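J.: Given chain A's structure and the hints, the job is docking chain B onto it.
Chains A and B, in that order, give the protein sequences. Read in order, the letters of the first sequence are residues 159 to 516 in the working numbering. Read in order, the letters of the second sequence are residues 159 to 516 in the working numbering.
I should point out that these hints are in silico values taken from the structure, not numbers from a laboratory. Since this is a predicted model, take the numbers as computed values, not measurements. Keep in mind that a hint or two might mislead.
Put simply, identical chains are the same to the list, so a pair is met inside one copy or across any two.
Cross-link-like lysine-lysine pairs, in silico, DSBU-like; alpha carbons within 30 angstroms at most [stated by the list, open to error]:
| no. | residue 1 | residue 2 |
| --- | --- | --- |
| 1 | 489 | 505 |
| 2 | 489 | 383 |
| 3 | 393 | 489 |
| 4 | 319 | 198 |
| 5 | 393 | 198 |
| 6 | 505 | 393 |
| 7 | 383 | 259 |
| 8 | 295 | 277 |
| 9 | 259 | 393 |
| 10 | 393 | 313 |
| 11 | 383 | 277 |
| 12 | 393 | 295 |
There are 2 protein chains.
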Amino acid sequence: MTQIAPGGTIGILGGGQLGRMLALAAANFGYRCHIFCPDKGSPAFQVATDVTVADYEDEEALEAFARSVDVATYEFENVPAVTAELVARDTLLRPGVRALKITQDRLLEKEFLNASGVKTAPYVAFQSADELKAAIKEIGRPAVAKTRRFGYDGKGQVMVKSRSDIDRVLEVTGGQPAILEGFVTFDREVSVVVARSASGDVAAFPVGENVHTNHILDTTTVPAKISDMVEARAKVKATRVANALEYVGVMAVEMFVHDGSGEIVVNEIAPRVHNSGHWTIEGAETSQFEQHIRAICDLPLGATDARGSILMKNLLGEEILEFEPYLEDPKAHFHHYGKQDPRPGRKMGHVTWVNGNE
Amino acid sequence: MTQIAPGGTIGILGGGQLGRMLALAAANFGYRCHIFCPDKGSPAFQVATDVTVADYEDEEALEAFARSVDVATYEFENVPAVTAELVARDTLLRPGVRALKITQDRLLEKEFLNASGVKTAPYVAFQSADELKAAIKEIGRPAVAKTRRFGYDGKGQVMVKSRSDIDRVLEVTGGQPAILEGFVTFDREVSVVVARSASGDVAAFPVGENVHTNHILDTTTVPAKISDMVEARAKVKATRVANALEYVGVMAVEMFVHDGSGEIVVNEIAPRVHNSGHWTIEGAETSQFEQHIRAICDLPLGATDARGSILMKNLLGEEILEFEPYLEDPKAHFHHYGKQDPRPGRKMGHVTWVNGNE
Numbered sequence: 159m160t161q162i163a164p165g166g167t168i169g170i171l172g173g174g175q176l177g178r179m180l181a182l183a184a185a186n187f188g189y190r191c192h193i194f195c196p197d198k199g200s201p202a203f204q205v206a207t208d209v210t211v212a213d214y215e216d217e218e219a220l221e222a223f224a225r226s227v228d229v230a231t232y233e234f235e236n237v238p239a240v241t242a243e244l245v246a247r248d249t250l251l252r253p254g255v256r257a258l259k260i261t262q263d264r265l266l267e268k269e270f271l272n273a274s275g276v277k278t279a280p281y282v283a284f285q286s287a288d289e290l291k292a293a294i295k296e297i298g299r300p301a302v303a304k305t306r307r308f309g310y311d312g313k314g315q316v317m318v319k320s321r322s323d324i325d326r327v328l329e330v331t332g333g334q335p336a337i338l339e340g341f342v343t344f345d346r347e348v349s350v351v352v353a354r355s356a357s358g359d360v361a362a363f364p365v366g367e368n369v370h371t372n373h374i375l376d377t378t379t380v381p382a383k384i385s386d387m388v389e390a391r392a393k394v395k396a397t398r399v400a401n402a403l404e405y406v407g408v409m410a411v412e413m414f415v416h417d418g419s420g421e422i423v424v425n426e427i428a429p430r431v432h433n434s435g436h437w438t439i440e441g442a443e444t445s446q447f448e449q450h451i452r453a454i455c456d457l458p459l460g461a462t463d464a465r466g467s468i469l470m471k472n473l474l475g476e477e478i479l480e481f482e483p484y485l486e487d488p489k490a491h492f493h494h495y496g497k498q499d500p501r502p503g504r505k506m507g508h509v510t511w512v513n514g515n516e
Numbered sequence: 159m160t161q162i163a164p165g166g167t168i169g170i171l172g173g174g175q176l177g178r179m180l181a182l183a184a185a186n187f188g189y190r191c192h193i194f195c196p197d198k199g200s201p202a203f204q205v206a207t208d209v210t211v212a213d214y215e216d217e218e219a220l221e222a223f224a225r226s227v228d229v230a231t232y233e234f235e236n237v238p239a240v241t242a243e244l245v246a247r248d249t250l251l252r253p254g255v256r257a258l259k260i261t262q263d264r265l266l267e268k269e270f271l272n273a274s275g276v277k278t279a280p281y282v283a284f285q286s287a288d289e290l291k292a293a294i295k296e297i298g299r300p301a302v303a304k305t306r307r308f309g310y311d312g313k314g315q316v317m318v319k320s321r322s323d324i325d326r327v328l329e330v331t332g333g334q335p336a337i338l339e340g341f342v343t344f345d346r347e348v349s350v351v352v353a354r355s356a357s358g359d360v361a362a363f364p365v366g367e368n369v370h371t372n373h374i375l376d377t378t379t380v381p382a383k384i385s386d387m388v389e390a391r392a393k394v395k396a397t398r399v400a401n402a403l404e405y406v407g408v409m410a411v412e413m414f415v416h417d418g419s420g421e422i423v424v425n426e427i428a429p430r431v432h433n434s435g436h437w438t439i440e441g442a443e444t445s446q447f448e449q450h451i452r453a454i455c456d457l458p459l460g461a462t463d464a465r466g467s468i469l470m471k472n473l474l475g476e477e478i479l480e481f482e483p484y485l486e487d488p489k490a491h492f493h494h495y496g497k498q499d500p501r502p503g504r505k506m507g508h509v510t511w512v513n514g515n516e
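The following block holds chain A by itself, in its conformation from the complex:
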C-alpha cells in the first residue's frame, strides 16, 4: 500500500463544501490540494493550492490533473465512471472506481448490500409502466419509487400510495431505470461514518441521529437515542460494508432504526465524507475530513471518540446571514462555506454545539 507522506499533493474531484473542508484538513498535515471542478466559483478553490476548471469529460485536463497529484479522491458520488477511470489510469484513486459504480446505481447498491449480509428495504427494479405495476404488486403499498441514478436530497424520488400515483411516478422517473422500495416504518434515522485505510484498518465514528426537513439534512445529534446494542450493531454493519467494498477513505452508511424490535435497515451509502459527519470537526477527536485524508494517504487512522454530546445544524439559504448568535455562544462552532449566493435551500454553512445543549 502506497503511503503519501505529509507534504505530498492530493487531488480532489469536486469543489463544493466537502472538497473545501477536505482541503482544509489536508492543509493541517501540510498536503497541497489540487481541486478539479467545472464550476469557476467553487468554494473549495478558495483554499486550494492548485485548481483546474474543466469538464469532467475533458480527457486532457483530467490527465494533467492526475499526473500532478500523488493520490486523487472525490467529494461526490456522481463522478462519471469514465472520469474516474481516466484519473485512475495515471494516479492512485481512493476510494476506487468500484465504490463509485456501485453507489451511483441504487439497484447495484442494494444488490451489493444484501449480498454482503446487510439488510435493506425490499426492492424491485422497474422501467416501464407494466414493470412498475408488477413491482407494486410484489412490494405492496405504500412504497417509494427512486431513479437508479443521480438522486440526492430527495430528488428523483416519489411515494406510491395508490394506483393513481403510477402516472406521477413515471413522470418523475421519466422512463429511466428505477427501483420500487418497500416503505420501511422506523423511529429514527441514523448514520455511521466509517473510515477504512489503504492498509485495511477500519474505524467507525459514534452513530449520529439525523433529522431531515424537506429531504435535506437539518440536524445530526450524537449520541443517537439508541441502545448500546443497536449502536454496536450499526457500527458492525458499516464496517462490514467498508470491508466488503475494500473501500479506502471515509464513507457514510445511512440506516433506519425501529426502536421496539431494534431492527436496522440500511437505506443508502455515500462513498465520501458526508454532511451527517460534520459534527466530528469539533465533536470528535479526529474530524471525518482528517480521517479521510489519513485513510487515502495510508496514515494511521485517528481516534473517533466523541467529545461529549453534540448537535450539528445545517444553515440553509439566508440562515447564514444570522451568524451573530452562533458567534456569541461559547459552545457553538460556526462554519461558513464561502458561497456568495444564499439561495433558498442551499447549504451555506453549519454550526456545531459541543456539550452545549443539555
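T.: Chain B alone, transformed into the frame defined by chain A:
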C-alpha cells in the same frame, strides 16, 4: 467599529506558517484570504484565495492589495512602517501602525510598557562603545545587549558578563542603536496570548509555560506551573498592554516569573499570533487564529478555556520527517506547515497533546 461579516476578504501581510494558520481559521468562517509576500514559495499561498508576490516596498502592489480586501492584518512584526502606512491608507489595518512602530523597537517597547505600568527588566539605550560602558556601569553585570530592531529567536542578542565582552557586543550590534538590559533571574518563562476586538472586548487565554532551546521555542505547557494569583496577575498585565495600545487582534506577552516572590517581569510583546499560542488550536475552545480573525473582523470574541492539560512541541528541521508516532498517538494532533526544505532549526510543524501526558 466596522464589522467584516463572514464571506468578506481578509488581507494578510506575510506568508509564513502564521499567515497559513490564520488563513485556515478564516476559511472556516467563509472569509477569502489575500496573502501578500515577496517569497514565491510561501506556505500560506497554498491555502489562500488570492496571492500577491511583491516586495514590501512595492507601492503599486500594496495599493492594489489594500483595495482588494475588507481588512488587512500581518503575521510578523517587522512589516516596514512605510508598508503599513500605505496599506492603512486604503483599507482597515488591524492591528494598526502604532502597534508595529512600538514593538519593532525594543527601546520604544520598554518605554511604552513601563509607562503603562507594566514592569520590564531595567534597561539603558546605547550605540557607541562609550555609551555601552556607561550602560554597563548603570545596569551592572551580567546583562544582555540587544539591537533595538529586527531581533527574533535570539538574533541580535549577546550576553555581557565581563568587560572583555564589550568588543563582541559592538560586533553583534554593529554600531546600530541597541539597549542593555539587566539580567533577570527567573524560574520560568510564560506567555499570555490575549485578544482585543475592534469593539474593545478583551479575552486572555490561559497562561502557557514556555521552554526555549537554542533561543527557539521548544514546548508550551498549559496550565503553567504558577499559582492562581500569578496566573491572574499575568492576565491582568497582558490585558493592560492590549488596552494601553488600543490594540485590535491577538498579541502575545512574554513574561519571566520568579516563583519565590511571585514577581513578573514582561520580556517582550509580539503584535501577532504567536508560536506559544499554537496549543489553542485543539487545546482551547477557540484557537488564537480564529480569535485573531474574530477580533479584526469585529465579531464577538470566542471562549478561551483550555480543554485540559496541554503540551505543544515544535518540530524543527528534519524532526518533521518522523511524523508516524504522532499520527499513531490518539492524543496527539500533528501539524505540518507545507514547507518543502527541512533545513536545521527551521520551524516545519508542531504537535499538540490534549490530556495526553499525565
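J.: Work down the list of hints and note, for each, if the structure agrees.
T.: Now the hints, each set against the structure:
1. In this assembly of identical chains, the alpha carbons of residue 489 and residue 505 lie at most 30 angstroms apart only when taken from the same copy (22 angstroms versus 32 angstroms across copies).
2. Proximity of residue 489 to residue 383 under the C-alpha cut-off of 30 angstroms is found in both arrangements, the shortest distances being 21 angstroms within a copy and 27 angstroms between copies.
3. In the homo-oligomer, the alpha carbons of residue 393 and residue 489 lie at most 30 angstroms apart both inside one protomer (28 angstroms) and across protomers (23 angstroms), since each shortest distance falls under that limit.
4. Neither within a single protomer nor between protomers do residue 319 and residue 198 lie at most 30 angstroms apart by alpha-carbon distance, with minima of 43 angstroms and 63 angstroms respectively.
5. Neither within a single protomer nor between protomers do residue 393 and residue 198 lie at most 30 angstroms apart by alpha-carbon distance, with minima of 39 angstroms and 47 angstroms respectively.
6. Proximity of residue 505 to residue 393 under the C-alpha cut-off of 30 angstroms is restricted to the intra-copy arrangement: shortest distance 27 angstroms within a copy versus 40 angstroms between copies.
7. For the identical chains of this complex, residue 383 and residue 259 are neighbours neither inside a copy (33 angstroms) nor across copies (57 angstroms), given an alpha-carbon limit of 30 angstroms.
8. For the identical chains of this complex, residue 295 and residue 277 are intra-copy neighbours only, at 21 angstroms inside a copy versus 87 angstroms across copies, given an alpha-carbon limit of 30 angstroms.
9. Proximity of residue 259 to residue 393 under the C-alpha cut-off of 30 angstroms is restricted to the intra-copy arrangement: shortest distance 23 angstroms within a copy versus 58 angstroms between copies.
10. With identical chains, the CA atoms of residue 393 and residue 313 are at most 30 angstroms apart within one copy only, with a shortest distance of 28 angstroms there and 55 angstroms across copies.
11. For a Cα distance limit of 30 angstroms, the shortest separation of residue 383 from residue 277 inside one copy, 21 angstroms, qualifies, whereas the shortest one across copies, 56 angstroms, does not.
12. For the identical chains of this complex, residue 393 and residue 295 are neighbours neither inside a copy (34 angstroms) nor across copies (74 angstroms), given an alpha-carbon limit of 30 angstroms.
Hints 4, 5, 7 and 12 from the earlier list are contradicted by this structure; the remaining hints agree with it.
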